[in-house]
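Next come the chains, spelled out residue by residue.
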Amino acid sequence: MSHIVLRHRDLPEISNLEVYQKNDGFAAFKQAVSRMKAVEVIDLVKASGLRGRGGAGFPTGVKWSFMDNNNWPHYVVANADESEPGTFKDREIMERNPFQFLEGVAIASYAVGANAAYIYMRGEFWQQAAFLDEKIAEMEKASLLGENLFGTDYALRIYTHLGAGAYICGEETALLESLEGKRGQPRLRPPFPPSYGLYGKPTVVNNVETLTNLPLIITRGADWYKTLGTIDSAGVKVFSLSGRVKNPGNYELPFGRTFRQLIYEQGGGIIDERPIRAIMAAGASSTLIVADDKALDTPMDYASVRTLGADLGSASVIVIDDTVSIDWVIDKTIHFFKHESCGKCTPCREGTYWMQHIVERIRSGSGVQADVDLLYSVAKQMQNKCLCALGEFSTMAVVSGIESFDKDFKKAVGKK
Amino acid sequence: MSLAEKHAAEVKKILAKYPPEQKQSAVMPLLHLVQRKNGHVDRHAMQEIAALVGITETDVAELVGFYTLYHDAPAGKLRLQVCVDLPCALRGADQFLAQLCESLGIEPGGTTADGLITVEPVMCLAACDRAPMFQVQGPDGIAYHENMTVDKTMELIEAKRKEAKK
Ligand SMILES: Cc1cc2nc3c(=O)[nH]c(=O)nc-3n(C[C@H](O)[C@H](O)[C@H](O)COP(=O)(O)O)c2cc1C
Ligand code: SF4
Ligand code: FES
Chain R
1 MSHIVLRHRD LPEISNLEVY QKNDGFAAFK QAVSRMKAVE VIDLVKASGL
51 RGRGGAGFPT GVKWSFMDNN NWPHYVVANA DESEPGTFKD REIMERNPFQ
101 FLEGVAIASY AVGANAAYIY MRGEFWQQAA FLDEKIAEME KASLLGENLF
151 GTDYALRIYT HLGAGAYICG EETALLESLE GKRGQPRLRP PFPPSYGLYG
201 KPTVVNNVET LTNLPLIITR GADWYKTLGT IDSAGVKVFS LSGRVKNPGN
251 YELPFGRTFR QLIYEQGGGI IDERPIRAIM AAGASSTLIV ADDKALDTPM
301 DYASVRTLGA DLGSASVIVI DDTVSIDWVI DKTIHFFKHE SCGKCTPCRE
351 GTYWMQHIVE RIRSGSGVQA DVDLLYSVAK QMQNKCLCAL GEFSTMAVVS
401 GIESFDKDFK KAVGKK
Chain C
417 MSLAEKHAAE VKKILAKYPP EQKQSAVMPL LHLVQRKNGH VDRHAMQEIA
467 ALVGITETDV AELVGFYTLY HDAPAGKLRL QVCVDLPCAL RGADQFLAQL
517 CESLGIEPGG TTADGLITVE PVMCLAACDR APMFQVQGPD GIAYHENMTV
567 DKTMELIEAK RKEAKK
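Chains as they are written, first to last, in this note's numbering: chain R, 1 to 416; chain C, 417 to 582.
This is chain R alone, in the form it adopts within the complex (with noise of 0.2 angstroms):
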C-alpha cells in the first residue's frame, strides 16, 4: 500500500515544490479556497472522521466547529512540539514531507477564517524549523501564500516559532502561554482555545500528523479515507517503535492492526530474540501493558487499547523485553516527569518530587517494601487532583508497573 502521511517513502523528492505539485500538491488547498465554502471544509472533515493525532484523539472538525465566529482574528497553531519520550513522527514528516504538512496547516486555516497561523516548534528542532522557513518562502514566491490566494480575497502567512526545552509546552494552553511569550504553565479549562486562544482570540490547536491528512481527505474525499482504518478510527497512523525491537523507526499503517504486527512484522521482533515482557503504547505517559497473547493480537486503535486499560495516545510504542527489570523503567518516567512538571500545581509539584524520592531508595537497594506501598499511594493520590494531564501521565506506569510486575520490586527491595 502506497502512503499518506510517509508519502516520502514512496517519493523521495517530494520536499522539492515542483515535485510537490507534479503529485497533486496545493491541489487541495486550492480546491478548497476557490470551490469550497469553509463549512464545507469543516463538514467533510467531520465526514472523513479524522481524529486528533496529538494523543487526546478528538474529532477534528467537530473541534473546528467550535471556533467562536463572534470574535475575530482567528489563529491556526500547529503543534509541533514533539517531546513526548518516544515519538519522533512529526520530525520525519515535516523534514521529509514538508509541503503536505504545510499544505493541511493552509488547509485548516481557510476552514477556520484564519489569516496567520504559527507552527510551533520543540527549541530542539532549529534545522527543521530553518527548513521550513525556507519552503514557507518558496510557497510565498509560488504565491501559495500571501494576499489573494487562487484570485480569491483569501489571504494567509505561516510563521515557524521555537519553543526552548519543555515537554509541558506540548499541551495546548501552555503552548499558547509559550507562544505569547510567557512560561510554559496551563491555563484554567474551560475555557478553550476554539473561544479563548492565542491572544484571547479564537484559536485551532492541531498536532502536525493530524494536520498532514488533509490534502488527500480533500481531494479523495471522506469516504475513501473511510475505508481505511476502524469504525472507531478512521484512517492511517503513524507509530513510532522505539525501544527493545531489531526495527525501530515509524511506521504508517492503517488503525486497527495489532501490536504483534508492528513488533514482529514491522519492528522485526525483539532484539537477540529475547522473550518480550511490557509495551507502553503512548510513550513515556503509558500504562504498562503485559505484553501477553491477548495484549498482542489487540488491535491498535483508539477503542481497542482502552480494553486493555491503557490509551493509544499518540502512538509511541515503546517495547520492553526480559533485560528490563520494571522498577528500572518507572525509575526513567518519574524522572522525566518530575523534571518536566511545571510546578503550577501542588498534587504534581510535589507528587512528582516525592515519588523520584522514593523511587531512588528503592533503586538503591535500601528500600523497603513499605517504600513500595508508599510509592505506590503517592501516585494513587495524585490521580484526578492534577490541573493538566502531564501529572496523570506521570502516575500511569507507577500504578500499573506496581501493579502488574510485583515481581521486579519484591526483588528491588529484597536486595538488602
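Be a bit skeptical, because a hint or two may be false.
In silico EDC-like links for lysine to aspartate or glutamate, alpha-carbon gap of 16 angstroms or less [what the hints assert, rightly or not]: (1) K201(R) to E478(C); (2) K344(R) to E478(C); (3) K433(C) to E180(R); (4) K182(R) to E473(C); (5) K135(R) to E18(R); (6) K433(C) to D133(R); (7) K439(C) to E180(R); (8) K439(C) to E177(R); (9) K429(C) to E134(R); (10) K182(R) to D475(C); (11) K433(C) to E134(R); (12) K429(C) to D133(R); (13) K182(R) to E478(C).
No lab work stands behind these hints: they were computed from the structure.
Since chain R is already given, all that's left is putting chain C with the ligands on it; use the hints.
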C-alpha cells in the same frame, strides 16, 4: 553596541513575525539569538530584551529559568546534550554517556579543561530510533548526531577542537 544595533536585521525579522501589539511573543526568539551569540544569557542581555518587547527584566529571567535551552551561566562553548530518556536508555544511552564522560575525563554536567565541551544528560529529543544520540548546542544553533559511538563522538570532538584553534 546594543542588541538591536548589533543584530539589526535578525531582530527586525523576529519582531515582524508577531502582531505589532503582541511584541512579547518575540521574547523567545530573541533569547535564542542571545543564547546562540553569547553562549548564555546574562543580566544585561535580559534587560535589553525586556526593553525591546516591553516586559520587565524579572519576566525575562523567569523564562531563562523555566526553559532548558536558555542558560544564565557560561559553560563549554559547545554543549553536548546526550539523551538518556527511557527509549534511548533501552538502547544503551546510559552506558554511552558514562563511557563518553570517562573518555573525556569529566563527570556528567562537567566541562573539558579547554572549555570547549560541556556534557549534559537530557530528556527525549525525538530521535529515539537512533540511539545513542546527542545534540550539540552552540554558536551555530543546534545539530543532532544520531546512531553514535564513543569513538565517533571523540572524532567529532577532535574535529571541533581543530576548528576552534583556527
Ligand atoms: C503534557 C502534554 C503534552 C502534550 N504534548 C503534545 C505534543 O508534543 N504534540 C501534540 O501534538 N500534542 C501534545 N499534547 C496534546 C495537546 O494538548 C493537544 O491535545 C493536541 O495538540 C491537539 O491536536 P490534535 O487534536 O490534532 O491531536 C500534549 C498534551 C499534554 C497534556
Ligand atoms: S499537573 Fe503538573 S504540569 Fe500540569 S499544571 Fe500541574 S504542575 Fe503543571
Ligand atoms: S528517548 Fe532519546 S531521543 Fe527519545
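Let me make sure I understand: some of the numbered hints might not hold for this structure. Which ones are they, in numerical order? Structure breaks hint 1 only.
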